[in-house]
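A.B. asks: Sequence:
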Amino acid sequence: MFEGKPNLNLSHFINGLKTNSSKHIRREYADTLEKYYWKPYFWSNSYFIGGVSERSADIVKEYIKNQKNKNSPPTECSSAQKGYSF
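All letters in the sequence shown, in the order written, are residues 66 to 151 by our numbering.
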């Protein structure tokens, strides 16, 4: 999740993000990658960017944070969602 200015060129931003992260991953994990990954490219050509309101941003942030917690049931209503109507 990130916040950008309205004049940000999203396709250039995503291209730079994919390029730099691919270089970093290949440099740091070259030995592991060569065993399991044989394609000449790392990312797909596609991407998705969506927008959220300021109020729902807290819900999205909590959802992202809870992705690391595999014991959290996905349907559980968090404190940020209580009282929020969809």
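These are computed hints drawn from the structure, not numbers from a lab.
Each residue gets a CB set at the ideal place from its N, CA and C atoms; glycine is no exception.
Heads up, some of the hints might be wrong.
[As the list claims (entries may be wrong)] With a straight-line Cα cutoff of 20 angstroms, these simulated SDA-like cross-link-like pairs (lysine to any residue) come out:
| # | residue 1 | residue 2 |
| --- | --- | --- |
| 1 | LYS104 | ASP123 |
| 2 | LYS83 | ALA122 |
| 3 | LYS126 | GLU68 |
| 4 | LYS83 | TYR112 |
| 5 | LYS104 | SER86 |
| 6 | LYS83 | GLU93 |
| 7 | LYS133 | SER118 |
| 8 | LYS70 | LYS104 |
| 9 | LYS104 | SER118 |
| 10 | LYS126 | SER109 |
| 11 | LYS83 | ASP123 |
| 12 | LYS130 | SER111 |
| 13 | LYS70 | LYS130 |
| 14 | LYS126 | GLY115 |
[Unchecked claim] Distance windows between CB atoms, simulated:
| # | residue 1 | residue 2 | range |
| --- | --- | --- | --- |
| 15 | ASN134 | GLY81 | 15 to 23 angstroms |
| 16 | ASN85 | ILE129 | 19 to 27 angstroms |
| 17 | GLU119 | THR97 | 36 to 44 angstroms |
| 18 | ARG120 | GLU99 | 42 to 50 angstroms |
A.B. asks: Each of the hints needs a verdict: does it hold here or not?
C.D. replies: Verification of the supplied hints:
1. LYS104 x ASP123: Violated, at about 37 angstroms.
2. LYS83 x ALA122: Violated, at about 24 angstroms.
3. LYS126 x GLU68: holds (12 angstroms)
4. LYS83 x TYR112: holds (10 angstroms)
5. LYS104 x SER86: holds (16 angstroms)
6. LYS83 x GLU93: Holds - the C-alpha atoms of GLU93 and LYS83 are around 15 angstroms apart, at most 20 angstroms.
7. LYS133 x SER118: Roughly 24 angstroms separates the two Cα atoms, so the pair is violated.
8. LYS70 x LYS104: With a Cα-Cα distance of about 34 angstroms, the restraint between LYS70 and LYS104 is violated, given a limit of 20 angstroms.
9. LYS104 x SER118: Since the Cα atoms of LYS104 and SER118 sit roughly 38 angstroms apart, the hinted pair is violated (cutoff 20 angstroms).
10. LYS126 x SER109: Violated, at roughly 25 angstroms.
11. LYS83 x ASP123: violated (26 angstroms)
12. LYS130 x SER111: violated (24 angstroms)
13. LYS70 x LYS130: At roughly 24 angstroms apart (the allowed maximum being 20 angstroms), LYS130 and LYS70 break the hint.
14. LYS126 x GLY115: holds (14 angstroms)
15. ASN134 x GLY81: 15 to 23 angstroms: Since the Cβ atoms of ASN134 and GLY81 sit about 30 angstroms apart, the hinted range of 15 to 23 angstroms is violated.
16. ASN85 x ILE129: 19 to 27 angstroms: holds (21 angstroms)
17. GLU119 x THR97: 36 to 44 angstroms: holds (40 angstroms)
18. ARG120 x GLU99: 42 to 50 angstroms: holds (46 angstroms)
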